[in-house]
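Q: This is what each chain is made of:
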Amino acid sequence: MTNRLEFSDITKAFPGIKALSEVSFCAECGQITALLGENGAGKSTLLKILSGDIKADNGEVLLDGEPQNFKAPSDALSAGISVIYQERQMVSSLSVMENIFAGELPRNRFGIINYKKLKTEAQKLIDLFELPLDARMTVGRLSVAQQQMVEIMRAYRRNSDVIAFDEPTASLAEAEITILFKLIKELARQGKIVIYVSHRMAEIFRITDKIIVLKDGKFVADLKTSETDERTLVKAMVGREIGDTFSKLSRCTEQGEMILEVKNLTTKKVTGINLSLRKGEIIGLAGLVGAGRTELARAIFGADKIDSGEVLIDGKNIRYKNPSGALALGIALCPEDRKEEGLVLFRSMKENITISVLSRIRKFLFLSNSEEKRLSDRAIEKYDIKTPSINELVGELSGGNQQKVILGRATNELMSTRVLILDEPTKGIDVGSKAEIYQMICDFAKTGIGVIVISSELPEVLNISDTIYVMANGRISGVLTREEASEETVLELAMAEQ
Amino acid sequence: MTAIKTFLRSKNAILLFFLIALILAFAVLSGGGTLRPSNIVNILQSITIVSLLTIGAGTLMIAGEIDLSLGGIGTMSAFIAALLLKNGVPWFGALLAAVAVGAFVGLINGFLVNELGFQSFIATLATTSITTGVGYIFTGGMGVTIEDPVFRFIGNEFIGGYIPFSVLIAVIALVVYAVLLNKTKFGRSVYLVGGNRAAARIAGLKPKKILYGLFINAGALAALAGTLLASKLLVANTVGITSSQFAGLTAAILGGISFGGGTGGMGGAVIGIFILSCFNNGMTMVNIQPYWQTVASGALLLAAISMDFLSTARRKKSEVKI
Numbered sequence: 001m002t003n004r005l006e007f008s009d010i011t012k013a014f015p016g017i018k019a020l021s022e023v024s025f026c027a028e029c030g031q032i033t034a035l036l037g038e039n040g041a042g043k044s045t046l047l048k049i050l051s052g053d054i055k056a057d058n059g060e061v062l063l064d065g066e067p068q069n070f071k072a073p074s075d076a077l078s079a080g081i082s083v084i085y086q087e088r089q090m091v092s093s094l095s096v097m098e099n100i101f102a103g104e105l106p107r108n109r110f111g112i113i114n115y116k117k118l119k120t121e122a123q124k125l126i127d128l129f130e131l132p133l134d135a136r137m138t139v140g141r142l143s144v145a146q147q148q149m150v151e152i153m154r155a156y157r158r159n160s161d162v163i164a165f166d167e168p169t170a171s172l173a174e175a176e177i178t179i180l181f182k183l184i185k186e187l188a189r190q191g192k193i194v195i196y197v198s199h200r201m202a203e204i205f206r207i208t209d210k211i212i213v214l215k216d217g218k219f220v221a222d223l224k225t226s227e228t229d230e231r232t233l234v235k236a237m238v239g240r241e242i243g244d245t246f247s248k249l250s251r252c253t254e255q256g257e258m259i260l261e262v263k264n265l266t267t268k269k270v271t272g273i274n275l276s277l278r279k280g281e282i283i284g285l286a287g288l289v290g291a292g293r294t295e296l297a298r299a300i301f302g303a304d305k306i307d308s309g310e311v312l313i314d315g316k317n318i319r320y321k322n323p324s325g326a327l328a329l330g331i332a333l334c335p336e337d338r339k340e341e342g343l344v345l346f347r348s349m350k351e352n353i354t355i356s357v358l359s360r361i362r363k364f365l366f367l368s369n370s371e372e373k374r375l376s377d378r379a380i381e382k383y384d385i386k387t388p389s390i391n392e393l394v395g396e397l398s399g400g401n402q403q404k405v406i407l408g409r410a411t412n413e414l415m416s417t418r419v420l421i422l423d424e425p426t427k428g429i430d431v432g433s434k435a436e437i438y439q440m441i442c443d444f445a446k447t448g449i450g451v452i453v454i455s456s457e458l459p460e461v462l463n464i465s466d467t468i469y470v471m472a473n474g475r476i477s478g479v480l481t482r483e484e485a486s487e488e489t490v491l492e493l494a495m496a497e498q
Numbered sequence: 499m500t501a502i503k504t505f506l507r508s509k510n511a512i513l514l515f516f517l518i519a520l521i522l523a524f525a526v527l528s529g530g531g532t533l534r535p536s537n538i539v540n541i542l543q544s545i546t547i548v549s550l551l552t553i554g555a556g557t558l559m560i561a562g563e564i565d566l567s568l569g570g571i572g573t574m575s576a577f578i579a580a581l582l583l584k585n586g587v588p589w590f591g592a593l594l595a596a597v598a599v600g601a602f603v604g605l606i607n608g609f610l611v612n613e614l615g616f617q618s619f620i621a622t623l624a625t626t627s628i629t630t631g632v633g634y635i636f637t638g639g640m641g642v643t644i645e646d647p648v649f650r651f652i653g654n655e656f657i658g659g660y661i662p663f664s665v666l667i668a669v670i671a672l673v674v675y676a677v678l679l680n681k682t683k684f685g686r687s688v689y690l691v692g693g694n695r696a697a698a699r700i701a702g703l704k705p706k707k708i709l710y711g712l713f714i715n716a717g718a719l720a721a722l723a724g725t726l727l728a729s730k731l732l733v734a735n736t737v738g739i740t741s742s743q744f745a746g747l748t749a750a751i752l753g754g755i756s757f758g759g760g761t762g763g764m765g766g767a768v769i770g771i772f773i774l775s776c777f778n779n780g781m782t783m784v785n786i787q788p789y790w791q792t793v794a795s796g797a798l799l800l801a802a803i804s805m806d807f808l809s810t811a812r813r814k815k816s817e818v819k820i
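Keeping their order, the protein sequence lines are chains A and B.
Residues 1 to 498 in the working numbering are what the first sequence spells out, letter by letter.
Residues 499 to 820 in the working numbering are what the second sequence spells out, letter by letter.
Since no wrong hints were added, every one of them can be taken at face value.
Derived CB-CB ranges, DEER-like: (1) B/F651 to A/K373: 43 to 51 Å; (2) B/L623 to A/D384: 45 to 53 Å; (3) A/N264 to B/L623: 44 to 52 Å.
To give an idea of the interface, some chain A residues facing chain B are shown, with a C-beta separation under 8 Å as derived from the structure: (4) S324; (5) L327; (6) P335; (7) I355; (8) L367.
Below, computed lysine-lysine pairings styled on BS3-like, alpha-carbon distance capped at 25 Å: (9) A/K339 to B/K707; (10) A/K268 to B/K704; (11) A/K269 to B/K704; (12) A/K185 to A/K124; (13) B/K706 to A/K321; (14) A/K339 to B/K704.
Honestly, the hints are just simulated from the structure, not real lab data.
All values derive from a computational prediction rather than experimental measurement.
Glycine included, every Cβ here is placed at the ideal spot set by N, Cα and C.
Looking at chain A on its own, in the form it has when it is part of the complex (with noise of 0.2 Å):
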């Protein structure tokens, strides 16, 4: 039985990014201590230091004061602790009991499942919590609520003396987090260390015994929660000194007409949205992940179907089904995951600034090389790409090169982009970049386009757009303007329940 958990100095890096920098705090058995934090604030690198999927650069994890050396998630299991993620991690086709039971199925002498006992043993656990299970359901054919209890039992199963959960409310209904926090209590009466990670103000106040707040991946507070408030808790989370980057950008200061128009946009995963962009203007979207800002922009994009409602461009309802369409209208999407649906990483950094204009660069049926050079070539000028070359893979590109050379196709000058969506541009960009990415979409506002920045940096949304549009739940929960918004109200927004 592990009583105290202990972080101690943990330092992590990725390339450009400082994700922790000697963060200490413990936890302690029978109580559950919620790690609070923005997005980016290092909570799942922490959680992913915990369970054994990364290594920290500096510092340790103690278990009872015994240092602790994870090679592999497999140790911090046998070390008894259990990180339940969001994404379930269960075989979908195998049944409650099995996956409860999973590496360690109870067997007769000739090696055969005694599935008589597995049954008897699971049963005994679903009990224990009160569950409203069968041992022999498929867990595929589980709601996502029913599979996250059964991940819960396995880790009980396993004697697990620590168990982290991260944003386990995440795609719960209200009936689901009554029994969910009701599991999460009863493992902390039986002296379970509990870790619960959420930016969801209402639940961590619900459930948890202590507070640990992170920003920046920095350590700033350990709070009792029965002697703090919301308040406090969003200042520490939001309390840092914006640097120059912002003071120092020079702004489009004139807008011009409307140019797009949302009207009740309805979709699977948005609901009811509004919203209207003018030339020169910057739109920020801001939210929690999750709040359905990517979707919104895929809607309007043409990439996700819409269900209801109206998309106008220059106050004319056009209906285009896909991508092709959108672009033909001159509205670009720099999708937020480069790797999987921004760049086509094999081929090269010409190949994918010209990906959009194909069609224009033909001279009779064949593609002209010397259209494709000087578009490659004024995108790198332009953008101060650093490449070896134009035929270089863009996969073998730095994260902000990759970035600028989606920037470059949505732009060049064939494309007559007018509307121009991000989708965190800023992702995984050292801070250097980040600074002339945020020059960048300035300078297009200045050209006449609207721009559309989806961005889960507080600081960054504040300070470029012109607009704040916060979303929630698939809805739109708020608009502010640049001089109207500040962290603490948006971030209540953001967590408004509805």
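Use these hints to put chain B onto chain A, whose structure you have.
A: Coordinates of chain B only, in the frame set by chain A:
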């Protein structure tokens, strides 16, 4: 100079050296027999059918899909052409009908993959079985002889006494598709869609349209290949082209077209076709027993796939580095 240097470092250069080594080895083993003009004509004749199938299968592989139905399509189309000829339809009508049927089956493959979301491996495995079966039903499993003089000419005449007429068709097709892949929007789109379908769509390409085009194209080429084989043998039979289908896939893989999609090209494919043809021909020339030839062909395919696997693994590694 730099162009030569880049070529020497490329996959194609390695393949070319391998081909030359193979030719030399068999030339020595056969005491020069493989280099006799009559044998070279043999080799040339054998590449026609494989070339057409390699183009169809290879372009789809570049786009990240696979087509196993080419054998079935070839068999069925050859029967259709032969039956039409027998019933007095002129040669161009019969050829056109065969190719149209091939294209139609390709359209069905495209529909199954694009609209119903089937994996191309499974969809085309089903259609190859169906088309082969339909061929059998039409003819009761009997061969249909071909007497049409134009078909006889296409399949069996030589230009200038040495070059088989059918080779001309293969050469033209290879050149046309090489230009198409390298120089046109369609060709570029094939590579980009094969490299990353989601990204290609976001950037404004239409992956479904490209795949329809490629499946239809592969079906039409398979029909042409089947009909050409029948015109060479002067009979459409049920053995037909099925074995050539795997030769087509093997040649594409030997030629460096990766299963992962997005890479490879006609240059490599041509070398792959020659490696395969010279290998098969050479084994016959040095009197290796047919059963052992089959084993050796399998080993060659394994070697080719290992090469593909290793280079993909290296690619994956460099991806992590980013």
